[in-house]
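Chains as they are written, first to last, in the working numbering: chain A, 885 to 1201; chain B, 885 to 1201; chain C, 885 to 1201.
Treat the hints with care, as some may be off.
Dumping the calculated DSS-like pairs for lysine-lysine here, alpha-carbon to alpha-carbon at most 25 Å [claimed, not checked]:
(1) K887(A) <-> K1004(B)
(2) K892(B) <-> K1174(C)
(3) K1100(B) <-> K1004(B)
(4) K967(B) <-> K1004(B)
(5) K967(A) <-> K946(B)
(6) K887(A) <-> K967(B)
(7) K1001(A) <-> K967(A)
(8) K1174(C) <-> K1174(B)
(9) K944(A) <-> K967(C)
(10) K1100(A) <-> K1001(A)
Partial selection, computed: residues in chain C whose CB lies under 10 Å from chain B [said to hold, decoys possible]:
(11) V923
(12) G938
(13) E941
(14) S948
(15) D985
(16) Y988
(17) E1007
(18) V1013
(19) Q1014
(20) Y1017
(21) P1034
(22) D1085
Hints listed in this document are in silico derivations from the structure and should not be mistaken for laboratory results.
Ideal Cβ placement from N, Cα and C applies to all residues, glycine included.
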Amino acid sequence: MSKTSQQKISEMVEGLLGSYEEHPIICNIDSENQINRDVILEILDMLRWLIYPGYFEMRKLKSSSIEYHVGEILESVRYNLTKQVMKALYHDSKYQTEDADEAYAQAECIVTRFLYKLPKVREVLATDVQAAYDGDPAAFNTDEVIFSYPGVYAVSVNRIAHELYQMGVPLIPRMMTEHAHGLTGIDIHPGATIGEYFFIDHGTGVVVGETTTIGKNVKLYQGVTLGALSTRGGQGLRGMKRHPTIQDNVTVYSGASILGGETVIGEGAVIGSNAFVTASVPPHTRVSIKNPELQFKDRSRTAELGQEGFFNRKERD
Amino acid sequence: MSKTSQQKISEMVEGLLGSYEEHPIICNIDSENQINRDVILEILDMLRWLIYPGYFEMRKLKSSSIEYHVGEILESVRYNLTKQVMKALYHDSKYQTEDADEAYAQAECIVTRFLYKLPKVREVLATDVQAAYDGDPAAFNTDEVIFSYPGVYAVSVNRIAHELYQMGVPLIPRMMTEHAHGLTGIDIHPGATIGEYFFIDHGTGVVVGETTTIGKNVKLYQGVTLGALSTRGGQGLRGMKRHPTIQDNVTVYSGASILGGETVIGEGAVIGSNAFVTASVPPHTRVSIKNPELQFKDRSRTAELGQEGFFNRKERD
Amino acid sequence: MSKTSQQKISEMVEGLLGSYEEHPIICNIDSENQINRDVILEILDMLRWLIYPGYFEMRKLKSSSIEYHVGEILESVRYNLTKQVMKALYHDSKYQTEDADEAYAQAECIVTRFLYKLPKVREVLATDVQAAYDGDPAAFNTDEVIFSYPGVYAVSVNRIAHELYQMGVPLIPRMMTEHAHGLTGIDIHPGATIGEYFFIDHGTGVVVGETTTIGKNVKLYQGVTLGALSTRGGQGLRGMKRHPTIQDNVTVYSGASILGGETVIGEGAVIGSNAFVTASVPPHTRVSIKNPELQFKDRSRTAELGQEGFFNRKERD
Chain A
885 MSKTSQQKIS EMVEGLLGSY EEHPIICNID SENQINRDVI LEILDMLRWL
935 IYPGYFEMRK LKSSSIEYHV GEILESVRYN LTKQVMKALY HDSKYQTEDA
985 DEAYAQAECI VTRFLYKLPK VREVLATDVQ AAYDGDPAAF NTDEVIFSYP
1035 GVYAVSVNRI AHELYQMGVP LIPRMMTEHA HGLTGIDIHP GATIGEYFFI
1085 DHGTGVVVGE TTTIGKNVKL YQGVTLGALS TRGGQGLRGM KRHPTIQDNV
1135 TVYSGASILG GETVIGEGAV IGSNAFVTAS VPPHTRVSIK NPELQFKDRS
1185 RTAELGQEGF FNRKERD
Chain B
885 MSKTSQQKIS EMVEGLLGSY EEHPIICNID SENQINRDVI LEILDMLRWL
935 IYPGYFEMRK LKSSSIEYHV GEILESVRYN LTKQVMKALY HDSKYQTEDA
985 DEAYAQAECI VTRFLYKLPK VREVLATDVQ AAYDGDPAAF NTDEVIFSYP
1035 GVYAVSVNRI AHELYQMGVP LIPRMMTEHA HGLTGIDIHP GATIGEYFFI
1085 DHGTGVVVGE TTTIGKNVKL YQGVTLGALS TRGGQGLRGM KRHPTIQDNV
1135 TVYSGASILG GETVIGEGAV IGSNAFVTAS VPPHTRVSIK NPELQFKDRS
1185 RTAELGQEGF FNRKERD
Chain C
885 MSKTSQQKIS EMVEGLLGSY EEHPIICNID SENQINRDVI LEILDMLRWL
935 IYPGYFEMRK LKSSSIEYHV GEILESVRYN LTKQVMKALY HDSKYQTEDA
985 DEAYAQAECI VTRFLYKLPK VREVLATDVQ AAYDGDPAAF NTDEVIFSYP
1035 GVYAVSVNRI AHELYQMGVP LIPRMMTEHA HGLTGIDIHP GATIGEYFFI
1085 DHGTGVVVGE TTTIGKNVKL YQGVTLGALS TRGGQGLRGM KRHPTIQDNV
1135 TVYSGASILG GETVIGEGAV IGSNAFVTAS VPPHTRVSIK NPELQFKDRS
1185 RTAELGQEGF FNRKERD
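Just chain A, with the same shape it has in the complex (with noise of 0.2 Å):
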């Protein structure tokens, strides 16, 4: 006799929540202070509306009510910001604590020290966008810039996220700076430092470490790596400096790498593309690599367009 829907269902649900027993690694069941992913990315939009203020609403905002709706949205990104900051540190065993209203005084203290950083961090961000205007010839205006520009956004989760990384808030800023990444393909670390002027074009691809630091006026394109020379030893090599150092006015174009701790692209430095460098390099430095030779082939008599005739692979079909 074949079993009925509700038994099938039944036996679905007791196979998961023997399942959820026997790995708890993937299991958040009973945590008291669960951070909210989607309360995470509202503030992220309070942020962006804060700093870049009249560019993303519906409305025009004037200036006689401009003090009012700061006003408003400053008391939510506080608030809500204060709860999930005390959510991260209960979160985090380091800091756990039964008493709930350390936690939050602790929160509180850090959130307002955040959020009176927000000139400073909006100062830098108009750098930026002045650095991606004047870097790029096919930039309209620099609203056009603030409106579309992918490494603009993801620069801008960066500076926010970093704040709060350097105040020690667990979970959230990696949470801001991975929102960034999705939308963006750039990946940056919220432990990155980086100064001001500084522009990423098109973006997808660009990988910045955790460990990475980065000088004024400085210009990545596409696909480009500052990264670890190796993560085999895990979490063995937490906290140490494993991403390069790159100081002001250097260039790296698309698709190269940079890697490891030890590495200094001196100031004024223009890395090639698709270099990959390991080693330091000298100020007002040129490094390129010798292009791998082209060879060209004459195809007019094949029709084939496939890429084993590259390799000399005996055709497949």
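Fit chains B and C to the known structure of chain A by using the hints.
Chains B and C alone, transformed into the frame defined by chain A:
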């Protein structure tokens, strides 16, 4: 006499209706069974809830009520997924039948088998989360990995979609993985077979083709392609093994390409950044490219920043 | 005596208002004509509906009511797009005028011309869908291509945005293509001119610059850049042909870069993976790089997995 607005709209409508008849290939009018992409994405969210309970919700999930919640969500997945799978089977001309009951019965059978497999899927995903934490010094804890890591999201979706793909469900698995591709930049075809403890770090630009086989404890970095040597055979190549086999304990560093259905990367091999591999590699082998020699040029007395200098091209301005 | 919460909020508001005055470049208060990004994205969805009728909706679309639906959506696109284009024209200082009626009339004219072109846009997109299906052995059918392929989505948005770009609409075309860039990792500037039967496979990391010209039946793979040789001229280069010309029947494999406004890739040429091309290529030519020689090293007696070994660096731990 100029046309009225209404006349113009009428002409535009007429133009489009004519175009619908002329190009039916991108027209789906009167199609009996329309898969709904939004419903598929809701189902994906519910499956994520079942797999990672307590991570993605507003309130604390309590063990006292967990059974009730799991039952409710399972029921909803079953109902909605069955309807969509039925439509997908109808949609696929190979299964088209006049008998809606038969198609529904087949969909019910597939979805039941699929849901019974969820604990097995969870078991493997628990190993993936562990591998991500172990392999990345920047990972704060396993919760951060689950909340934020694009590689974990992409492989979660792949493991779900792969089950449906193996049961012969058309269209839906690819909708799922392309959604993950959009969010993460990681393009894993639902046909790819992947062993446990799989980790993709950063991930943007990763491509894993339909007939790829990956062993246990494999780690990929951003920009890695596990691809076909050629697709010039187009639809004539359908079903053939076109993508490589990666054995256990292999690491593939950023930007490397491994191509071809006969290519086997042996157990414990390590493939270096940007390597371009089109033939098999023995076990326990390090494959690296002799990196293109770097050329250094002092530019301290020049002001230019352009890339032309690298190629000895005349300056443009 | 410590400050009250209200005092702190007041200080924060004051700080931000001061910052708004100090950095007007990222401030849009009192701006008369504010383009709304959300409305632009809704318009894009409606245009997708008109181009691919029946694919992206909840219910079956019936031929008996199609005329009514098309008329309604066209009307909505016309109304909303006209308003946004008017704002974009105002927003652009070159067009700024006291006469709102004049700006509106100009916007109306542009949008009407644009909507009359939709059947033409559909005609070309039908060829793109066909090319995607023909070119990819993993494609199940053309519906899957329309539902799921990021390359098809990106080129659909590009063909829409390109029409508006050519009619001189500021800001809006780029908002559209950057939205597609975010969803797909494919960055096609709305200025790029692209022939029929165009296919981008996988697509993450593709960059196609503003002044690129692409012929018919061209195929690009993931990570391909059709870019400028240098942008160091910044805004001084605006309007110049900075990006390459790709003639008919060209295939460009993954990771290749083709740079420069004078670079012409001749008809029927094939550019191999990772090639870096900065000069013209004759028709019917295969260009490949002599792939960097692979080096093999037996690591069976060592336990390390790191990348350092490739560069003879001392181990770190």
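Hints, one by one, checked against the model:
no. : hint                  : in the structure
1   : K887(A) <-> K1004(B)  : holds, 21 Å
2   : K892(B) <-> K1174(C)  : violated, 58 Å
3   : K1100(B) <-> K1004(B) : holds, 16 Å
4   : K967(B) <-> K1004(B)  : holds, 24 Å
5   : K967(A) <-> K946(B)   : holds, 20 Å
6   : K887(A) <-> K967(B)   : holds, 21 Å
7   : K1001(A) <-> K967(A)  : holds, 19 Å
8   : K1174(C) <-> K1174(B) : holds, 12 Å
9   : K944(A) <-> K967(C)   : holds, 14 Å
10  : K1100(A) <-> K1001(A) : holds, 19 Å
11  : V923                  : violated, 20 Å
12  : G938                  : holds, 3 Å
13  : E941                  : holds, 7 Å
14  : S948                  : holds, 9 Å
15  : D985                  : violated, 16 Å
16  : Y988                  : violated, 13 Å
17  : E1007                 : holds, 6 Å
18  : V1013                 : holds, 5 Å
19  : Q1014                 : holds, 6 Å
20  : Y1017                 : holds, 7 Å
21  : P1034                 : holds, 6 Å
22  : D1085                 : holds, 7 Å
Going down the numbered hints, you'll see the structure goes against 2, 11, 15, 16, while the others check out.
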